[in-house]
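Model the full structure from these sequences, guided by the hints.
For reference, the chains in residue letters:
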Amino acid sequence: MSGENLKHAQGGVDSIDPTASVGQACEFGQNVVVQAGAKIGAGCTIGHNVVIRNGTILGEGVVVGDNVVLGKQPRPSPTSTVKIREALPGLEVSDGSSIGAGAIVYAGTKIGRQTMIADQAFVREKCVIGDYVIVGRGVTVENETIIGDYVKIQTGAYVTAYMTVEDHVFLAPGVYTTNDNFMGRTPERFKFRKGATIRHGARVGANATLLPGIEIGREAFVAAGSVVTRDVPPATLVMGVPAHPVRPVPEREWAENQ
Amino acid sequence: MSGENLKHAQGGVDSIDPTASVGQACEFGQNVVVQAGAKIGAGCTIGHNVVIRNGTILGEGVVVGDNVVLGKQPRPSPTSTVKIREALPGLEVSDGSSIGAGAIVYAGTKIGRQTMIADQAFVREKCVIGDYVIVGRGVTVENETIIGDYVKIQTGAYVTAYMTVEDHVFLAPGVYTTNDNFMGRTPERFKFRKGATIRHGARVGANATLLPGIEIGREAFVAAGSVVTRDVPPATLVMGVPAHPVRPVPEREWAENQ
Amino acid sequence: MSGENLKHAQGGVDSIDPTASVGQACEFGQNVVVQAGAKIGAGCTIGHNVVIRNGTILGEGVVVGDNVVLGKQPRPSPTSTVKIREALPGLEVSDGSSIGAGAIVYAGTKIGRQTMIADQAFVREKCVIGDYVIVGRGVTVENETIIGDYVKIQTGAYVTAYMTVEDHVFLAPGVYTTNDNFMGRTPERFKFRKGATIRHGARVGANATLLPGIEIGREAFVAAGSVVTRDVPPATLVMGVPAHPVRPVPEREWAENQ
Numbered sequence: 001m002s003g004e005n006l007k008h009a010q011g012g013v014d015s016i017d018p019t020a021s022v023g024q025a026c027e028f029g030q031n032v033v034v035q036a037g038a039k040i041g042a043g044c045t046i047g048h049n050v051v052i053r054n055g056t057i058l059g060e061g062v063v064v065g066d067n068v069v070l071g072k073q074p075r076p077s078p079t080s081t082v083k084i085r086e087a088l089p090g091l092e093v094s095d096g097s098s099i100g101a102g103a104i105v106y107a108g109t110k111i112g113r114q115t116m117i118a119d120q121a122f123v124r125e126k127c128v129i130g131d132y133v134i135v136g137r138g139v140t141v142e143n144e145t146i147i148g149d150y151v152k153i154q155t156g157a158y159v160t161a162y163m164t165v166e167d168h169v170f171l172a173p174g175v176y177t178t179n180d181n182f183m184g185r186t187p188e189r190f191k192f193r194k195g196a197t198i199r200h201g202a203r204v205g206a207n208a209t210l211l212p213g214i215e216i217g218r219e220a221f222v223a224a225g226s227v228v229t230r231d232v233p234p235a236t237l238v239m240g241v242p243a244h245p246v247r248p249v250p251e252r253e254w255a256e257n258q
Numbered sequence: 001m002s003g004e005n006l007k008h009a010q011g012g013v014d015s016i017d018p019t020a021s022v023g024q025a026c027e028f029g030q031n032v033v034v035q036a037g038a039k040i041g042a043g044c045t046i047g048h049n050v051v052i053r054n055g056t057i058l059g060e061g062v063v064v065g066d067n068v069v070l071g072k073q074p075r076p077s078p079t080s081t082v083k084i085r086e087a088l089p090g091l092e093v094s095d096g097s098s099i100g101a102g103a104i105v106y107a108g109t110k111i112g113r114q115t116m117i118a119d120q121a122f123v124r125e126k127c128v129i130g131d132y133v134i135v136g137r138g139v140t141v142e143n144e145t146i147i148g149d150y151v152k153i154q155t156g157a158y159v160t161a162y163m164t165v166e167d168h169v170f171l172a173p174g175v176y177t178t179n180d181n182f183m184g185r186t187p188e189r190f191k192f193r194k195g196a197t198i199r200h201g202a203r204v205g206a207n208a209t210l211l212p213g214i215e216i217g218r219e220a221f222v223a224a225g226s227v228v229t230r231d232v233p234p235a236t237l238v239m240g241v242p243a244h245p246v247r248p249v250p251e252r253e254w255a256e257n258q
Numbered sequence: 001m002s003g004e005n006l007k008h009a010q011g012g013v014d015s016i017d018p019t020a021s022v023g024q025a026c027e028f029g030q031n032v033v034v035q036a037g038a039k040i041g042a043g044c045t046i047g048h049n050v051v052i053r054n055g056t057i058l059g060e061g062v063v064v065g066d067n068v069v070l071g072k073q074p075r076p077s078p079t080s081t082v083k084i085r086e087a088l089p090g091l092e093v094s095d096g097s098s099i100g101a102g103a104i105v106y107a108g109t110k111i112g113r114q115t116m117i118a119d120q121a122f123v124r125e126k127c128v129i130g131d132y133v134i135v136g137r138g139v140t141v142e143n144e145t146i147i148g149d150y151v152k153i154q155t156g157a158y159v160t161a162y163m164t165v166e167d168h169v170f171l172a173p174g175v176y177t178t179n180d181n182f183m184g185r186t187p188e189r190f191k192f193r194k195g196a197t198i199r200h201g202a203r204v205g206a207n208a209t210l211l212p213g214i215e216i217g218r219e220a221f222v223a224a225g226s227v228v229t230r231d232v233p234p235a236t237l238v239m240g241v242p243a244h245p246v247r248p249v250p251e252r253e254w255a256e257n258q
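Residue numbers (this note's numbering), protein chains in the order written: chain W, 1 to 258; chain V, 1 to 258; chain X, 1 to 258.
Honestly, the hints are just simulated from the structure, not real lab data.
Take the hints with a grain of salt, since some may be wrong.
Covered stretches of chain W, as calculated for chain V (at least 3 residues, CB under 8 Å) [what the hints assert, rightly or not]:
hint, region
1, 17 to 27
2, 146 to 155
3, 195 to 204
Keeping only pairs whose Cα atoms sit at most 30 Å apart, straight-line, the calculated DSS-like set for lysine-lysine is [as the list claims (entries may be wrong)]:
hint, chain 1, residue 1, chain 2, residue 2
4, W, Lys110, X, Lys83
5, W, Lys83, V, Lys110
6, V, Lys110, V, Lys194
7, X, Lys126, X, Lys83
8, X, Lys110, X, Lys126
9, V, Lys83, X, Lys110
10, V, Lys83, V, Lys110
All C-beta atoms in this analysis are idealised placements derived from N, C-alpha and C, irrespective of residue type, glycine included.
In structure tokens:
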């Protein structure tokens with residue numbers, strides 16, 4: 001346990017709870033806080049001023065940048081529709097993944113192997129994120145969203161709550177998704193609240209907007225700046241405001257043909 | 001004063017100025033800096049690596065996340081049009097409000113009760129923000145903007161300087177507002193510089209753009225992805241680029257009928 | 001060297017590498033980390049919880065806000081197209097420039113004099129940024145981009161990799177640029193990958209989207225919310241989705257006539 005393992009930590013570890021454990025050959029920056037029950041695997045690199053909150057589990061060889069907060073418990077505002085009854089289980093980050101400087105990842109979320117949560121990104125509670133994923137700089141992933149493997153979500157994109165993003169999807173910078181056509185009014189909104197479903201290999205262009213509940217078909221392509229108001233068929237390129245079909249997506253661009 | 005009250009603080013407070021005061025039953029994280037003249041009310045929870053700058057006033061039961069900066073003095077760039085002559089009064093945050101991890105809130109701003117400034121958000125100087133407001137993750141609120149009560153500003157929205165946002169307004173993720181039709185050219189621009197006015201209960205959809213000086217009428221609804229180039233009448237739904245009126249907003253969706 | 005100069009530092013400097021140097025009359029906040037080979041010029045002000053990584057060079061009178069990370073080495077994800085073979089040279093920030101709270105600036109980048117990188121902004125490796133520039137709050141500047149003098153990039157704008165932004169350009173809040181028409185598919189994409197070129201004095205309105213490889217002509221004006229799919233001639237105002245020419249830009253609005 002920690003008493004022994006802490007000898008492996010390099011640098012000025014400030015505050016490691018006695019119930020936390022740190023694997024062999026980890027490197028720590030200055031002013032790191034590791035709270036109760038956290039488990040840090042062997043060979044992790046932890047930056048300066050990092051806060052690892054209760055019960056967070058890091059696999060082997062995880063790299064955490066400066067000023068990161070891991071395992072934050074959600075604390076909804078007094079007027080939020082999200083209700084939290086008890087503490088969520090700790091955040092889990094699997095082997096070989098990295099968390100960029102200034103990023104915040106909540107408790108109750110699981111992140112796969114070899115995945116990168118980039119600098120200043122933000123991932124809420126109860127998400128499941130796959131392997132070999134990039135969650136880009138400053139991206140938001142809201143609560144209870146499922147993201148497959150080999151997904152790339154680029155800078156500043158906004159992935160709303162209750163979404164499904166399948167394998168090999170590409171979301172360009174500044175894509176905005178939504179899940180509530182009523183924008184916070186009427187009791188019906190809870191019945192219809194649903195984020196987009198983005199099927200295997202689909203690509204969504206920069207600064208596009210996806211309306212609630214729509215489905216972007218397998219290998220579809222949404223052009224930059226489009227506003228997507230209805231489902232997009234598989235392997236179809238759409239563009240415009242509102243987006244309309246223009247042509248098929250050539251097979252040589254499909255994910256399975258790369 | 002602080003000498004006595006500091007005994008109530010839990011944890012490893014690093015640096016509290018002797019002229020600062022801390023109320024009873026506060027909890028502090030590691031590496032907290034509290035500068036001269038700051039006043040922290042009873043029952044506050046302060047995260048790790050928090051910087052509370054000169055003269056900041058926190059009410060009772062305020063919750064501050066990790067890596068937050070409160071009460072920063074503005075320091076405009078050499079080429080900015082904002083000129084600052086002397087230090088502004090401290091930031092004020094009222095009872096029961098919270099500031100999310102990584103957020104930055106400037107001096108000279110007042111935040112009401114039970115309001116949430118979410119993670120990584122940014123609020124400039126000389127703003128007045130009401131009660132029961134949500135300023136979402138990564139939102140920007142520029143200087144000298146007035147925000148009413150029960151307003152929800154969602155992730156990544158940009159609220160420009162000199163705006164008025166009335167009670168019960170809803171701004172969806174990625175809404176962008178503007179205040180200068182000349183984008184930094186000609187002396188006339190200072191005469192016409194004006195942000196949008198968003199009236200009681202109005203809703204603006206995801207990734208919409210509002211041109212300078214326009215008024216969004218009471219209970220109006222701007223569809224996602226619209227570019228609003230002229231005033232929107234009350235209780236009217238507009239959409240498109242440029243946005244045009246489509247139909248009335250049903251009364252059951254008005255804020256007063258929730 | 002540092003042994004002597006450190007006496008000039010005010011406050012609780014936590015960790016300065018013995019091979020780093022600090023000029024006269026600098027002020028340091030709490031919990032500052034300065035790593036090997038860093039050089040901090042005379043009269044710099046360094047905030048709390050700042051991390052200055054290996055080999056970073058700050059000129060005279062540079063102001064660094066709280067929670068800043070300077071000189072981070074890039075560490076691409078396993079699936080990124082960016083490959084890094086060895087450590088880049090240190091970040092260089094010239095006299096009189098400032099870095100806002102929570103900002104992150106990578107190694108291998110050079111920033112000119114009297115330039116402001118604002119709060120929570122993000123600048124990647126191998127960029128060259130000129131004098132008297134503003135990189136606004138939360139802006140992203142990706143790798144290997146060239147930015148001239150007197151450029152203003154406003155809140156939340158996204159400047160992609162391999163772009164050229166000439167002197168006196170104005171990018172409004174939320175402008176999104178792109179550099180890959182194939183969004184990560186086919187080998188051809190590497191041949192055509194190219195960001196926009198934005199010529200002297202051009203202005204791009206809020207929430208506009210610029211497609212890959214286009215050129216925005218000298219003193220051109222892109223209206224807010226436009227999607228620019230082809231080159232914009234000099235001194236021409238364009239608007240719409242897709243953007244089309246509307247009228248000339250009056251000479252009194254040109255940068256050279258201010």
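Please write out, lowest number first, the hints stated earlier that are contradicted by the structure.
1, 2, 3
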